[in-house]
Amino acid sequence: MTTFRTRLAVLALAGLLLSRILPAEGAQPAQDSPTAQAQPQALVLLDAGHGGDDLGVRVDGTDEASLALDLAKRLGAALEAGGCRVAYTRDSASGVSQEARARMANSLHPACMVSLHYNFSFSPAARGWRVFVPPAQGKALALPGQGENLVLLSWDQAQSQSAALSHELGAALSAALDGGSGPKRGVQVLRLAPFRGVSAPVAVVEAGFLSQPEELKQARDEASRQALALRLAAGVQAYLHAHAATGGR
Amino acid sequence: MIDAIRRHPWRSVALILALLALLALAAHRLHRSHGAEARKAAASDLYTGREPKGDVSVFFASATSPMPGHEARAIYLTDSIAARAHQAVQALLQGPKGKGLLPAFPEGASLLGLFIDKQGLCVVDLSLKHPGGTTGEYVSLYCLVHTLADNFPEVQRVQVLLDGQRADTLAGHLDLSQPLDRSSF
Numbered sequence: 001m002t003t004f005r006t007r008l009a010v011l012a013l014a015g016l017l018l019s020r021i022l023p024a025e026g027a028q029p030a031q032d033s034p035t036a037q038a039q040p041q042a043l044v045l046l047d048a049g050h051g052g053d054d055l056g057v058r059v060d061g062t063d064e065a066s067l068a069l070d071l072a073k074r075l076g077a078a079l080e081a082g083g084c085r086v087a088y089t090r091d092s093a094s095g096v097s098q099e100a101r102a103r104m105a106n107s108l109h110p111a112c113m114v115s116l117h118y119n120f121s122f123s124p125a126a127r128g129w130r131v132f133v134p135p136a137q138g139k140a141l142a143l144p145g146q147g148e149n150l151v152l153l154s155w156d157q158a159q160s161q162s163a164a165l166s167h168e169l170g171a172a173l174s175a176a177l178d179g180g181s182g183p184k185r186g187v188q189v190l191r192l193a194p195f196r197g198v199s200a201p202v203a204v205v206e207a208g209f210l211s212q213p214e215e216l217k218q219a220r221d222e223a224s225r226q227a228l229a230l231r232l233a234a235g236v237q238a239y240l241h242a243h244a245a246t247g248g249r
Numbered sequence: 250m251i252d253a254i255r256r257h258p259w260r261s262v263a264l265i266l267a268l269l270a271l272l273a274l275a276a277h278r279l280h281r282s283h284g285a286e287a288r289k290a291a292a293s294d295l296y297t298g299r300e301p302k303g304d305v306s307v308f309f310a311s312a313t314s315p316m317p318g319h320e321a322r323a324i325y326l327t328d329s330i331a332a333r334a335h336q337a338v339q340a341l342l343q344g345p346k347g348k349g350l351l352p353a354f355p356e357g358a359s360l361l362g363l364f365i366d367k368q369g370l371c372v373v374d375l376s377l378k379h380p381g382g383t384t385g386e387y388v389s390l391y392c393l394v395h396t397l398a399d400n401f402p403e404v405q406r407v408q409v410l411l412d413g414q415r416a417d418t419l420a421g422h423l424d425l426s427q428p429l430d431r432s433s434f
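Residue numbers (our numbering), protein chains in the order written: chain A, 1 to 249; chain B, 250 to 434.
Keep in mind that a hint or two might mislead.
To be verified - Derived coverage of chain A by chain B (criterion: at least 3 residues anywhere in the stretch with Cβ under 8 Å from a Cβ of chain B; other residues may be distant):
#, stretch
1, 53-59
2, 97-106
3, 113-124
4, 200-209
The hints are simulated quantities; they were obtained by calculation from the structure and are not laboratory data.
Glycine is no exception: its CB is placed at the ideal position from the N, C-alpha and C atoms.
With these hints in hand, go ahead and build the complete structure from the sequences.
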């Protein structure tokens, strides 16, 4: 099963790379195109964590899956108002497997993917948001005779092509969440399940600790979630703006 | 007696059902008690109690810092490194004794088995219901990996199983599809 999945991922990623390297028939080089300056609307994939039977963190009748979905929809609306296209890995309470989330990310070719969660800690000292990005792990394997035009990647190495951009995405989100006044938390590099198999630039945002009474109260408050969504939208827009020349990728 | 049953058949059926329920409850409690004894015996199979004792550093969540702390706990210095590691992980799951530290695993978490192979892979089979959160899982796994790798040079990597099965995560966040080591954190 793993071998089959790896082969599928290799084929999908190889196709993706070839489609980017080889111009379509009749296509003009980008610098000669009259529409080169007009960037298409960037697509952002929003991933509300958990769902279905998996409710994530649960505290006093509040669950992470519902809050993450609400935050994703608010962020999506803010991004659309700013001119982005938005897709969701889930737009209802139903559950979605990690494989399905990764498949969506790899077939839609989004400019970036943001996975939204709420946090838990055993320690009352843990407070505030966290941003996580994947490690740059694994080496791409060049196919003999193909030079650098075609590389083979296993399912677990899908991020190796985008790790640097993921870090930039995380930094943009972190800066927007800081708002210029909060503590500079930066981004934390960690191997998380929501990154598995995703080739697009991706970051996980843990929006606050449901185990912390004040932050639980904020998470339950619609106005606080809306304000948080607007800050996250500013972070995504900053990332997209910095990478406008490549359409976000 | 027979007349009483004939006069009140439903009352008799209810009485019999109540007696059967009481018997089932008693049997269940006996079984649980026996299971607890069996588990206790299995734990004491790790050591004879005649071995010398030595301290290991066991990691726990900190009450004041986002990063975990550690405290010294005495274990029996058995010939088997796996038995020493088993005792250290049991101490981790039991929770801290000193002030300023908090449990790194949820109440009820238990260690089903542990072994170390010749390549330095320590397989830890846990049974637990983790509350989740990236930070919550991070602290649990950080404490597990550091408790093992910091005390036992034989342990290079840690593979976590849940109830004897490979697991993707503890509760949806940190990726357990590959073994963890100190550089994972």
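Here's how the hints hold up against the structure:
1. With 4 residues having a Cβ less than 8 Å from any Cβ of chain B, the stretch 53-59 of chain A passes the three-residue criterion, so the hint holds.
2. For a cut-off of 8 Å, the count of residues in the stretch 97-106 of chain A with a CB near a CB of chain B stands at 1, and the three-residue condition is violated.
3. By the rule of at least three residues with a Cβ nearer than 8 Å to a Cβ of chain B, the coverage given for the stretch 113-124 of chain A holds, with 8 such residues.
4. Look at the stretch 200-209 of chain A against chain B: 3 of its residues bring a Cβ nearer than 8 Å to a Cβ of that chain, three or more, so the hint holds.
Hint 2 alone, counting from the list given before, is not met by this structure.
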